Amino acid sequence: MRILKYSILIIILLLNFQTSIFAQPSFRSLGMKQESSELLSSLKETNPYGISHRGLDSKVDLSPSMPPVGNQGEQGSCVAWSTAYATKSFQEYIERKSSKDWSLRTAQGTPNYSKIFSPAFIYNQINGGRDNGSLISDAMRVMVEMGAAPWETMPYNPADYRTRPSQAAIEAASKYKAKEFLRVKTTDMNEVKAQLSEGKPVVAGVLVYENFFNLKGDQIYKEGLGKTYGGHAIALVGYDDSKNAVKFINSWGTDWGDQGYGYIDYRWFTKICQGAFVMIDQVETVIDQGKPDSNTPEPTSVANDSNPIAPSSITASQGSFIDKVLINWEVVPGAVGYEIHRKGPGDSNFGKIGLSGTNSFNDDGVQPNLAYKYKILTLTDSSASDLSQGEVIGFAKTEELKPPPKVLGVKATQGQYDNKVELVWEPGDASSEYQIFKWNKTQKRYSPIGTSKINSYVDTSAAKKGL
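The numbers in my numbering rise by one with no breaks, and the one at position 121 of the sequence shown is 121.
Calculated from the structure, these hints are not laboratory results. Just so it is clear, the structure is predicted and the values come from calculations on it, not from any experiment. For every residue, glycine included, the Cβ atom is placed at its ideal position computed from N, Cα and C. You can trust all of the hints, since none of them are fake.
Derived DEER-like restraints, expressed as beta-carbon distance ranges:
| id | residue 1 | residue 2 | range |
| --- | --- | --- | --- |
| 1 | Glu433 | Arg267 | 29 to 35 angstroms |
| 2 | Ser452 | Gly109 | 51 to 57 angstroms |
| 3 | Lys411 | Glu38 | 19 to 25 angstroms |
Quick list of in silico lysine-lysine cross-link-like pairs, DSSO-like style, CA-CA up to 27 angstroms:
| id | residue 1 | residue 2 |
| --- | --- | --- |
| 4 | Lys175 | Lys97 |
| 5 | Lys222 | Lys271 |
| 6 | Lys406 | Lys453 |
| 7 | Lys97 | Lys177 |
Starting from the given sequences, assemble the full structure and let the hints guide the process.
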């Protein structure tokens, strides 16, 4: 009997030990809701034609340009931390770091909240008044339409998820808008790595198992142990082929993981990632130099002839032509010409491929179905700018893409049902799928609500006596 009692005691102790290993700390909150498959399929992709990426660097690390690791506390605002706090702060720093007063850290190494962006501004507008998490796509849509507010205009409070932004915060955010956001194919690690190699953090929603909470140092999250707790949004900031892992910044403070950073195995990432996105920033040609007084003249696009700015808003055609890539960019005042630089498959560096006296260039030295990266620099009478920030990808395609035919004969029920609206239209001969948009009176724009493979659709979200 005595031996039996000891055995029972040992079993109880082992169970308690296992529970302590996988217990979720009360301050480790999550908060990522998963986008529906219909919504995901309606969003624009980074690489819709599956062009292969070759010659990627074996290691990329964007973390030195990230803000200090923060802590979301007991609020389910990880989406806002990964998008506004991490990604947006990174992008604005990269674009404005030449300004002496644009730093993400103070002289003491603490967060510089005048240059870091507020998670509260985003989360408090997309959580529906409840601390129940949010969608990554909703957060990015706010930054496209409204921008992101500096932390100091709307400080983060983990106990406050309802306060709406002040007019001052809204006006401040309007200066820091994103251009668009794109969906990344999560089953293709080369696509994820390609975005990171272009200097774009990837905001990802991953499934969290119990062992995720206890990662320390350079441990790699490569399997799921214990039960699952739901989705968590993180910002991928790099990768290392020697470790077969991506690196990410978390929002759980510096006492978690590797000083607040973590690592996920490539194979495991493709299994647990529930959605991933990149945000394309709206780059301004005028760089903010701080808060000028009333006697300070307005800055111009080109500060002086010895230091011209590089072009912005660069685009490259993707499959529009079978034998060339068309590159366009915004005109830089004072420019006499532009140099076009390209990095092809297998190239280790960008090389000059041509000159242009206008804000466009045809690269006819490409092979179809291969991706090429482009950068542009500005030329003046006396000097040249640095190469443009980031990279744009372009490619030619064996078959020239043509736009699908216009949808005709759209009809919608009016008052026939109290809980839905039925849409029908004429079928298109060359159409394999239709994307449906609905007017959002709050956002004052058409937003995607679903897709259909046939010439009809039922909107079950329609409001009674509404539109």
